[in-house]
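Visitor: Each chain, letter by letter, is given below.
Number of protein chains: 2
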Amino acid sequence: MSVGVVTEQSITFKNGIKLDSGRILAPITLVYEAYGTLNESASNAILVEHAWTGDAHLAGKRSEEDAKPGWWDAIVGPGKLLDTDRYYVICSNVIGSCYGSTGPASLNPKTGKRYNLNFPVITVRDMVRAQKLLLDVLGIRRLLSVMGGSMGGMQALEWATQYPDSIASAIVLACTPHPSPQAIALNAIARWAIFNDPTWRKGEYKQNPKDGLALARGIGHITFLSDESMNAKFGRRFSAKDGQFDFFGQFEVERYLNYNGRNFVDRFDANSFLYLAKSLDLYDVAWGYESMAEAFSQVTAPIQFFAFSSDWLYPPYQTEEMVTCLQEIGKPVEYHLIQSAYGHDAFLLEHETFAPMVRNLLDRVESGESS
Amino acid sequence: MSVGVVTEQSITFKNGIKLDSGRILAPITLVYEAYGTLNESASNAILVEHAWTGDAHLAGKRSEEDAKPGWWDAIVGPGKLLDTDRYYVICSNVIGSCYGSTGPASLNPKTGKRYNLNFPVITVRDMVRAQKLLLDVLGIRRLLSVMGGSMGGMQALEWATQYPDSIASAIVLACTPHPSPQAIALNAIARWAIFNDPTWRKGEYKQNPKDGLALARGIGHITFLSDESMNAKFGRRFSAKDGQFDFFGQFEVERYLNYNGRNFVDRFDANSFLYLAKSLDLYDVAWGYESMAEAFSQVTAPIQFFAFSSDWLYPPYQTEEMVTCLQEIGKPVEYHLIQSAYGHDAFLLEHETFAPMVRNLLDRVESGESS
Numbered sequence: 001m002s003v004g005v006v007t008e009q010s011i012t013f014k015n016g017i018k019l020d021s022g023r024i025l026a027p028i029t030l031v032y033e034a035y036g037t038l039n040e041s042a043s044n045a046i047l048v049e050h051a052w053t054g055d056a057h058l059a060g061k062r063s064e065e066d067a068k069p070g071w072w073d074a075i076v077g078p079g080k081l082l083d084t085d086r087y088y089v090i091c092s093n094v095i096g097s098c099y100g101s102t103g104p105a106s107l108n109p110k111t112g113k114r115y116n117l118n119f120p121v122i123t124v125r126d127m128v129r130a131q132k133l134l135l136d137v138l139g140i141r142r143l144l145s146v147m148g149g150s151m152g153g154m155q156a157l158e159w160a161t162q163y164p165d166s167i168a169s170a171i172v173l174a175c176t177p178h179p180s181p182q183a184i185a186l187n188a189i190a191r192w193a194i195f196n197d198p199t200w201r202k203g204e205y206k207q208n209p210k211d212g213l214a215l216a217r218g219i220g221h222i223t224f225l226s227d228e229s230m231n232a233k234f235g236r237r238f239s240a241k242d243g244q245f246d247f248f249g250q251f252e253v254e255r256y257l258n259y260n261g262r263n264f265v266d267r268f269d270a271n272s273f274l275y276l277a278k279s280l281d282l283y284d285v286a287w288g289y290e291s292m293a294e295a296f297s298q299v300t301a302p303i304q305f306f307a308f309s310s311d312w313l314y315p316p317y318q319t320e321e322m323v324t325c326l327q328e329i330g331k332p333v334e335y336h337l338i339q340s341a342y343g344h345d346a347f348l349l350e351h352e353t354f355a356p357m358v359r360n361l362l363d364r365v366e367s368g369e370s371s
Numbered sequence: 001m002s003v004g005v006v007t008e009q010s011i012t013f014k015n016g017i018k019l020d021s022g023r024i025l026a027p028i029t030l031v032y033e034a035y036g037t038l039n040e041s042a043s044n045a046i047l048v049e050h051a052w053t054g055d056a057h058l059a060g061k062r063s064e065e066d067a068k069p070g071w072w073d074a075i076v077g078p079g080k081l082l083d084t085d086r087y088y089v090i091c092s093n094v095i096g097s098c099y100g101s102t103g104p105a106s107l108n109p110k111t112g113k114r115y116n117l118n119f120p121v122i123t124v125r126d127m128v129r130a131q132k133l134l135l136d137v138l139g140i141r142r143l144l145s146v147m148g149g150s151m152g153g154m155q156a157l158e159w160a161t162q163y164p165d166s167i168a169s170a171i172v173l174a175c176t177p178h179p180s181p182q183a184i185a186l187n188a189i190a191r192w193a194i195f196n197d198p199t200w201r202k203g204e205y206k207q208n209p210k211d212g213l214a215l216a217r218g219i220g221h222i223t224f225l226s227d228e229s230m231n232a233k234f235g236r237r238f239s240a241k242d243g244q245f246d247f248f249g250q251f252e253v254e255r256y257l258n259y260n261g262r263n264f265v266d267r268f269d270a271n272s273f274l275y276l277a278k279s280l281d282l283y284d285v286a287w288g289y290e291s292m293a294e295a296f297s298q299v300t301a302p303i304q305f306f307a308f309s310s311d312w313l314y315p316p317y318q319t320e321e322m323v324t325c326l327q328e329i330g331k332p333v334e335y336h337l338i339q340s341a342y343g344h345d346a347f348l349l350e351h352e353t354f355a356p357m358v359r360n361l362l363d364r365v366e367s368g369e370s371s
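The listed protein sequences correspond, in order, to chains A and B. So in my numbering the end of the first sequence lands on 371, straight run, no missing numbers. So in my numbering the end of the second sequence lands on 371, straight run, no missing numbers.
Hints listed in this document are in silico derivations from the structure and should not be mistaken for laboratory results.
List time: in silico EDC-like cross-link candidates among lysine to aspartate or glutamate, alpha-carbon distance up to 16 angstroms:
(1) B/202 to A/246
(2) A/202 to B/246
(3) A/233 to A/252
(4) B/241 to A/20
(5) A/210 to A/266
(6) B/241 to B/252
(7) A/331 to A/321
(8) A/241 to B/20
Listed next, with one range per pair, are the computed distances between beta-carbon atoms:
(9) B/260 to A/63: 44 to 54 angstroms
(10) B/367 to A/239: 44 to 54 angstroms
(11) A/242 to B/42: 34 to 44 angstroms
(12) A/291 to B/360: 40 to 50 angstroms
(13) B/164 to A/291: 55 to 65 angstroms
(14) A/239 to B/351: 34 to 44 angstroms
(15) B/300 to A/291: 58 to 68 angstroms
(16) A/228 to B/360: 32 to 42 angstroms
(17) A/263 to B/243: 31 to 41 angstroms
(18) A/349 to B/43: 51 to 61 angstroms
(19) A/242 to B/11: 31 to 41 angstroms
(20) B/327 to A/67: 48 to 58 angstroms
(21) B/43 to A/337: 48 to 58 angstroms
(22) B/260 to A/199: 25 to 35 angstroms
From a predicted model like this one, the values you see are computed outputs, not experimental measurements. Quick reminder that beta carbons are idealized off the backbone N, C-alpha and C, glycines included.
I would like the entire structure built from these sequences, with the hints used as guidance.
Guide: See below:
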């Protein structure tokens, strides 16, 4: 069942937060959605974290006519994995994004104009810092769980290390303790594509720089898929068979990336894309610590990790590095390597592969076994 | 020892060739270098094929003052793997390129202007078709071997299937029977980067479109390296440590790609880059056949294959597909999977890993054992 028609909510924190960079970001507005009912002890809340270009619209529809449900509707709703009859499920748009929370397209109170490149560089830790303000206002002292994939997984890791008392468990999918130089290089190419677009004007555009942003998305898109899934989906098919000897003739995969890149321009702000790419690249769970082990020594809640065999953006060995480290220092950790052809995107596409283990963890945490 | 100071040679074929597309390309000029001495029976010639952005300058120096030798000088020269005291070693710049052989920057005899996008789409088979004219003029009826990596390997495969009587052996490194959709997608991004550059002007530029071409090279560069080699070379080091919270601050890997991309603009023509990217993507050893097995049924000479464990552009399984196919139809084939951290570029960087097997093959072929 669906959570039905939902309305996003918004809250503004006048004093904002002090960022990892030392700069103050204030005010901060956070947009969020919430489904289900918070119980009296406020102990049934699950925070779901979105990835790079995601938003707070996790489940349900914005109106009866809405054709497409929220991005993780498959697992959030009455009777679903994150059962809104049992749990109070929250999703908040991260700072730096362009879906309502404060980001580079927001008005800078000092100038009355859009921040654009005056927006400060933010870290994943800063995103979670802002979310903590939201949970305090909602009266949630301890989350039953925090769950997310990719950049969402990084946020879950930050909860586990920075706010250990505030979570009873964490579920981390398709994640990394720190992106590899290869992953950074691919993001660098995406940034470069936008920088090259003369309509970007160092962030001072009136209209999204469409050529550069579409190309940047195309690069990202490749990293979310896998050799195997691309083979199954496109093979070496030509978009127009007679076009093989045309200079501008396209392979099907080429046409698809182009088409999706162009669509992306209508839904995501180029500056937000750049700021969040930077947050991803800078991410290091051990930031400010001597080592990963020192960072993980803060952990008290059990962490359940999922990696996907064909994910070459954040390959399983990177998750395994975290699992081994946690095991070595005696922390409660669980690891599942999922065989999948869907690459990094598997966490969004193959929820049935991890649902049983997540359900099991939530049941155990709820009953107090794992907390 | 070095082959010393070398001079490139040039030959023009007035009638050109009929291309796979059905178009005629005429005249065709081919630039080549040759080292050593062709013996009386013209049986000691080895043709080395270059990759995407390579040239005919395989070994030696252009002048005494030249700081850098030819691109595969490590294996070509007196006493080296391709011993110029024994072999007559030839390397010819492919058509479509920009190093002297006919390409999009050449003058179109019909207009007196540069071809630019009026240049026909060419295939790897067309490149070899043109080279066959050269070998006929040089009086070489049968090559002792044809050797190349990446696009050079594709050319060697075309010799083996299209001109089986003209070779006594083929050596194919870091190659594929047909690039995967993932490899095509990455090239598509590179093309797109150039198309996005307003100074490209649909190929009618006066100066190389530098932003687009540098970015395109950056993408290619990532595919030539590996996760492992990037980790060893760059790690997550920041280019300027204090720049971590600067919007334009760069990781070391980012700075490196940028720097190399900028340099590439000085040495390679954007239209040539586009045409050769297309040739790579269109490549299929089974082109015009019902199956790979039918294509390989033409083969008579032994083929020695090398794949490199960390090559994710043309991963080993793609070479293995060819090896299995050749084995199944009873053709002479040899396969070596080299453990290497250097990715696709390993064939250029780690010649000592394949030299003993190549030497062994050449000795056997020369003595008539394998022919």
